[in-house]
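Visitor: Listed below, chain by chain, are the residues.
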Amino acid sequence: MVIQKPAVAGTVESSDALVSVEPGDGKIELTLTSSVMNQYGRQIRETVLETLERLDVKSVKINVVDKGALDCTLKARVECAVFRSSDASEKDIPWGGVVR
Amino acid sequence: MIPRPKPERFRLRRTMMFMNAQKPGLIKDAYIYGCDSIMLDLEDAVAENQKDAARFSLYHALKTIDYGDTEVIVRINGLDTPHWQEDIRVCVAGGADGIRIAKCESAQDVRTVEAAVEAAEKEFGVEVGRTLLMAALESPKGIMNAYEICAASDRMFGVAISGGDFRKCMQTKPQPDGIDMLVARGQMLIAARAAGVQCFDTVYTNLDDMAGYEAEVRQNKAMGFDGKSLINPKQIRLVHELFAPTEKEILQAEKIVRAYREQSAAGVGVFTVDGKMIDIAFIPGAERTLKLARACGLWEGDLV
Amino acid sequence: MKNYVGREIPDYLLQNGKEVYQGKNYMDGKYIKKASPCTRRCEKPQESKIVETLADALKLCGAKSGMTFSFHHHLRDGDFVVNMVMKAAIEELGLDNLTIAATSLGAAHDPVAEYITEGKVVGIQTSGIRGKIGEVVSAGLLKTPAIVRSHGGRPRAIEGGEVHIDIAFVAAPTSDCVGNCRGIGGKSNCGSMGYAMTDAKYADHVVVVTDCLVDFPNMPASVEAIDVDAVVVVDSIGNPKKIASAAARISQNPRDLMMAENVAKVIAATPYFKDGFSFQTGVGGPSLAANLFLEKYMDERGIKMGWAIGGICGPMVEMLKKGKVGKVIDVQDFDLDAVNSINQTPNHFEMSASQYANPANKGAFVNKLDFVVLAALEIDTQFNVNVLTGSDGVLRGAPGGHPDTAAGSKCCVIVTPLIRGRMATVCEHVVTVTTPGDCVDVLVTDYGIAVNPLRPDLIECLDNAGIPHVSIESLKEKDPTISSGRIRLSRSSRRATARSSTSSARSSPIRWTDPNKPKRFPLNSGKRFLCPLTACLS
Numbered sequence: 001m002v003i004q005k006p007a008v009a010g011t012v013e014s015s016d017a018l019v020s021v022e023p024g025d026g027k028i029e030l031t032l033t034s035s036v037m038n039q040y041g042r043q044i045r046e047t048v049l050e051t052l053e054r055l056d057v058k059s060v061k062i063n064v065v066d067k068g069a070l071d072c073t074l075k076a077r078v079e080c081a082v083f084r085s086s087d088a089s090e091k092d093i094p095w096g097g098v099v100r
Numbered sequence: 101m102i103p104r105p106k107p108e109r110f111r112l113r114r115t116m117m118f119m120n121a122q123k124p125g126l127i128k129d130a131y132i133y134g135c136d137s138i139m140l141d142l143e144d145a146v147a148e149n150q151k152d153a154a155r156f157s158l159y160h161a162l163k164t165i166d167y168g169d170t171e172v173i174v175r176i177n178g179l180d181t182p183h184w185q186e187d188i189r190v191c192v193a194g195g196a197d198g199i200r201i202a203k204c205e206s207a208q209d210v211r212t213v214e215a216a217v218e219a220a221e222k223e224f225g226v227e228v229g230r231t232l233l234m235a236a237l238e239s240p241k242g243i244m245n246a247y248e249i250c251a252a253s254d255r256m257f258g259v260a261i262s263g264g265d266f267r268k269c270m271q272t273k274p275q276p277d278g279i280d281m282l283v284a285r286g287q288m289l290i291a292a293r294a295a296g297v298q299c300f301d302t303v304y305t306n307l308d309d310m311a312g313y314e315a316e317v318r319q320n321k322a323m324g325f326d327g328k329s330l331i332n333p334k335q336i337r338l339v340h341e342l343f344a345p346t347e348k349e350i351l352q353a354e355k356i357v358r359a360y361r362e363q364s365a366a367g368v369g370v371f372t373v374d375g376k377m378i379d380i381a382f383i384p385g386a387e388r389t390l391k392l393a394r395a396c397g398l399w400e401g402d403l404v
Numbered sequence: 405m406k407n408y409v410g411r412e413i414p415d416y417l418l419q420n421g422k423e424v425y426q427g428k429n430y431m432d433g434k435y436i437k438k439a440s441p442c443t444r445r446c447e448k449p450q451e452s453k454i455v456e457t458l459a460d461a462l463k464l465c466g467a468k469s470g471m472t473f474s475f476h477h478h479l480r481d482g483d484f485v486v487n488m489v490m491k492a493a494i495e496e497l498g499l500d501n502l503t504i505a506a507t508s509l510g511a512a513h514d515p516v517a518e519y520i521t522e523g524k525v526v527g528i529q530t531s532g533i534r535g536k537i538g539e540v541v542s543a544g545l546l547k548t549p550a551i552v553r554s555h556g557g558r559p560r561a562i563e564g565g566e567v568h569i570d571i572a573f574v575a576a577p578t579s580d581c582v583g584n585c586r587g588i589g590g591k592s593n594c595g596s597m598g599y600a601m602t603d604a605k606y607a608d609h610v611v612v613v614t615d616c617l618v619d620f621p622n623m624p625a626s627v628e629a630i631d632v633d634a635v636v637v638v639d640s641i642g643n644p645k646k647i648a649s650a651a652a653r654i655s656q657n658p659r660d661l662m663m664a665e666n667v668a669k670v671i672a673a674t675p676y677f678k679d680g681f682s683f684q685t686g687v688g689g690p691s692l693a694a695n696l697f698l699e700k701y702m703d704e705r706g707i708k709m710g711w712a713i714g715g716i717c718g719p720m721v722e723m724l725k726k727g728k729v730g731k732v733i734d735v736q737d738f739d740l741d742a743v744n745s746i747n748q749t750p751n752h753f754e755m756s757a758s759q760y761a762n763p764a765n766k767g768a769f770v771n772k773l774d775f776v777v778l779a780a781l782e783i784d785t786q787f788n789v790n791v792l793t794g795s796d797g798v799l800r801g802a803p804g805g806h807p808d809t810a811a812g813s814k815c816c817v818i819v820t821p822l823i824r825g826r827m828a829t830v831c832e833h834v835v836t837v838t839t840p841g842d843c844v845d846v847l848v849t850d851y852g853i854a855v856n857p858l859r860p861d862l863i864e865c866l867d868n869a870g871i872p873h874v875s876i877e878s879l880k881e882k883d884p885t886i887s888s889g890r891i892r893l894s895r896s897s898r899r900a901t902a903r904s905s906t907s908s909a910r911s912s913p914i915r916w917t918d919p920n921k922p923k924r925f926p927l928n929s930g931k932r933f934l935c936p937l938t939a940c941l942s
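Chains as they are written, first to last, in this note's numbering: chain D, 1 to 100; chain E, 101 to 404; chain S, 405 to 942.
Don't read these hints as lab results, they were simulated from the structure. The reader is advised that the hints may include incorrect statements.
The calculated BS3-like cross-link candidates involving lysine-lysine, where the alpha carbons are at most 30 Å apart (straight line), are [stated by the list, open to error]:
{"#": "1", "chain 1": "S", "residue 1": "K725", "chain 2": "E", "residue 2": "K334"}
{"#": "2", "chain 1": "E", "residue 1": "K334", "chain 2": "S", "residue 2": "K708"}
{"#": "3", "chain 1": "S", "residue 1": "K669", "chain 2": "E", "residue 2": "K391"}
{"#": "4", "chain 1": "D", "residue 1": "K58", "chain 2": "E", "residue 2": "K163"}
{"#": "5", "chain 1": "D", "residue 1": "K91", "chain 2": "E", "residue 2": "K106"}
{"#": "6", "chain 1": "S", "residue 1": "K669", "chain 2": "E", "residue 2": "K348"}
{"#": "7", "chain 1": "E", "residue 1": "K163", "chain 2": "D", "residue 2": "K91"}
{"#": "8", "chain 1": "E", "residue 1": "K334", "chain 2": "S", "residue 2": "K728"}
{"#": "9", "chain 1": "S", "residue 1": "K669", "chain 2": "E", "residue 2": "K321"}
{"#": "10", "chain 1": "E", "residue 1": "K334", "chain 2": "S", "residue 2": "K726"}
{"#": "11", "chain 1": "S", "residue 1": "K880", "chain 2": "E", "residue 2": "K163"}
{"#": "12", "chain 1": "S", "residue 1": "K669", "chain 2": "E", "residue 2": "K334"}
{"#": "13", "chain 1": "E", "residue 1": "K321", "chain 2": "S", "residue 2": "K700"}
Keep in mind the model is a prediction, meaning the values are calculated, not measured.
Just chain D, with the same shape it has in the complex:
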């Protein structure tokens, strides 16, 4: 998917993550802050990158503010932000396809 405009999903409540995306310069630029950085920073990064790869996002500036979200929540927030960035989040989501 192509990131067409800035979009945000999630919250900074405990167990959640706030993900914002904006169009990139041909690469994936991830900035991450996490309340559990020392323990899970690498795993969070991997989950975010995997999700982007599944969505075939190649160019994006993505900022993740993690408040101890589980992987399933991280995925949901990244996907929602990406779909919102191309106005495609409201219907005909490929559940079980690239969203899985």
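Assemble the complex: chain D is given as a structure, and chains E and S must be docked to it using the hints.
Guide: Positioned in the frame of chain D, the structure of chains E and S alone reads:
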């Protein structure tokens, strides 16, 4: 991926707890409180501009979290909104046990949802007929059409009344004795029983008034409800306590079922237990008492 | 040398008669010679001990580089006094090589981190360590090993001469001109001053710092003028808003309430739950909420609580006023309800930290406790508890009275959610053992209850009461990051390991950060937070 067993149309549903599907901290382990069903809410709890985010969150929760024996139902947005079709797709794709139709007013509403569910089941390779339905009656028209709604589909396992909206339509407010909804509750119960589906009461919203809550739960049980919708885990225990059969009821039911089995084997149709005349009409009730007692962990037996 | 909980303690820490922890009550019965501080004859008629500034007071007490200054933490996150004193000592008098011996250090003392980095402060001895100080100490910037003691272990070390306090600084909400101090009656009230009492008795010099001078004599005094050298009056000793919260409210969080209810259930299922029982609970969400549910069981059984101790807040004062509890004896107050009640409400008393929890006197209150309800940052499958370091090894906690009450009480209940954010609480090995597993009896989590196999008697109590429980291993296996493997409750785990009464000895345990543990350090490449930490507790 957590494979969930095929949902059971008629199972124990004393407590159905609402949870905002948009709140990861809530839904990640809502089953720990011990309610029979959790109701992940895409409707009123989720702000209009977060419906999409709630669906993503819901999908991954359904796919990742092992809710075990706790039934997982999703309340979808009303048929008058732009959201309900996608809500149904995500429920079916995620493998929710059932869907609660908000603001249901007619058998046609049920059939409309059923058609969309069936289409989604085919789209996502889910066994057709797997996803159960229940309807929330929130308006006088819904109550008037309660029977046709209950009988509209083989997927229907029950109906629930939604007090907030209904009372608004009726220009009334919650009364301590429940008179405000007495007729509606009664009519819905009759319709549900006539159609052979379950019937659930509305939420009690004043969390601090535990006495008022208890009075309402007692009335629910007296009226014959199968269960109640809840908004907070602290409301669960009381329902389970009050809906559980008493020791006396369990012993009595056991005696009746046992005596009936013996007597009918000997060709006797009417007999007495503790001086009370018993015939076949008493048996379903007694069996239900025993099943409920077993579900409540109060009785271990093999009579039913 | 390996201690009883399997941690290797370096030999260089085992000098001057220090021993590793060798099991609960190992040191019982041992005789100890108490240390005696210097005092000074004051024979002449006395007008006042007030001096102009902190620097004057420091000079009067002969402050030198290399000294140990002590502080109490009754002003909690609102405290100004530690920073004021250290600033005067280091920036005005030019002292260095200083050691801070505080009853707790937190975010209020962030400026001290700078002095540690600069090497002006070279030693830290405390019962709690959070904020920037925790970070710099964890990063290895403190010159000598930090020593973290429990609230009972601190007075033990002071009375036994292991810590020699050169000057004790007593932040006092009120004082008279000669240094009789109280925790009430001023503008920065803290109620009990229990943690300051031992310091004042055993320090060579005592400086009272107050922002509210009252008429002589300020009675009944928590710290007495007979021990005080100087009184300094400052504009403000602390921020009242952060000293005592308005009123501790019982949590409405359903998870906390569920755990609290289970705590009360467990307590009510034991034989110690009878008229006159004694109780201590923390002020964390589920711990405090346990009060509420306990009261229900007390009413049902028609019994009352004999006495309660610990850090006290409103809900316990409320029970005292209602006559549900006979006496409340407190070492610290957490909210205004408690601050305003101590020594005012009949049967609400103050006590010193030594009286509260010191294992090296002839019987502290904790040793008469029936129940204590405590929290945990981590607990391992041997029931060892960590309340000091995060799972990344960074110091951010306080043992407080945790190990003292766990060891002294008949039934120690740990209550904690199984997952915080995505961090698992139950693990294979805790980072730091602050409370050894042989002192911990029951674990209550939101996913189930586990009983220490060392307590087959409690297992039987729970079984008899129909309270489901699981093995602690099964709680550990609930992986928070995949959230699968839902725990089935069953009344099993009856693995009765007979409790060896001979090995149950309470000693002077030294706990050490597990060298095998800090392995989850992915992102801070090259910057490992190994703790140069020696925790010499109780």
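Visitor: All the hints need checking, so say for each whether the structure fits it.
Guide: Verification of the supplied hints:
A distance of roughly 27 Å separates the Cα atoms of S/K725 and E/K334; the hinted pair therefore holds under the 30 Å criterion. Distance restraint check for E/K334 and S/K708: the Cα-Cα separation of roughly 26 Å lies within the 30 Å cut-off, and the hinted pair is therefore satisfied. Distance check on the hinted pair: S/K669 and E/K391 sit about 27 Å apart at the alpha-carbon level, within 30 Å; holds. Proposed proximity of D/K58 and E/K163 is supported: the alpha carbons are some 26 Å apart, at most 30 Å.
Distance check on the hinted pair: D/K91 and E/K106 sit about 27 Å apart at the alpha-carbon level, within 30 Å; holds. With a CA separation close to 26 Å, the supplied pair S/K669 and E/K348 stays within the 30 Å bound. Pair hint E/K163 plus D/K91 holds up; C-alpha atoms about 19 Å apart against a cutoff of 30 Å. Distance hint between E/K334 and S/K728 is fulfilled; the C-alpha atoms sit about 24 Å from each other, no more than 30 Å.
For the hint linking S/K669 to E/K321, the alpha-carbon distance of about 27 Å falls within 30 Å, and the restraint holds. Between E/K334 and S/K726 the alpha-carbon distance is near 25 Å, which keeps this suggested pair within the 30 Å criterion. Of the pairs offered as hints, the one joining S/K880 and E/K163 holds, with about 22 Å between alpha carbons and a cut-off of 30 Å not exceeded. With a C-alpha separation of about 15 Å, the suggested pairing of S/K669 with E/K334 holds against the 30 Å cut-off.
Simply put, E/K321 and S/K700 have alpha-carbon atoms about 25 Å apart, close enough for the 30 Å limit, and the pair holds.
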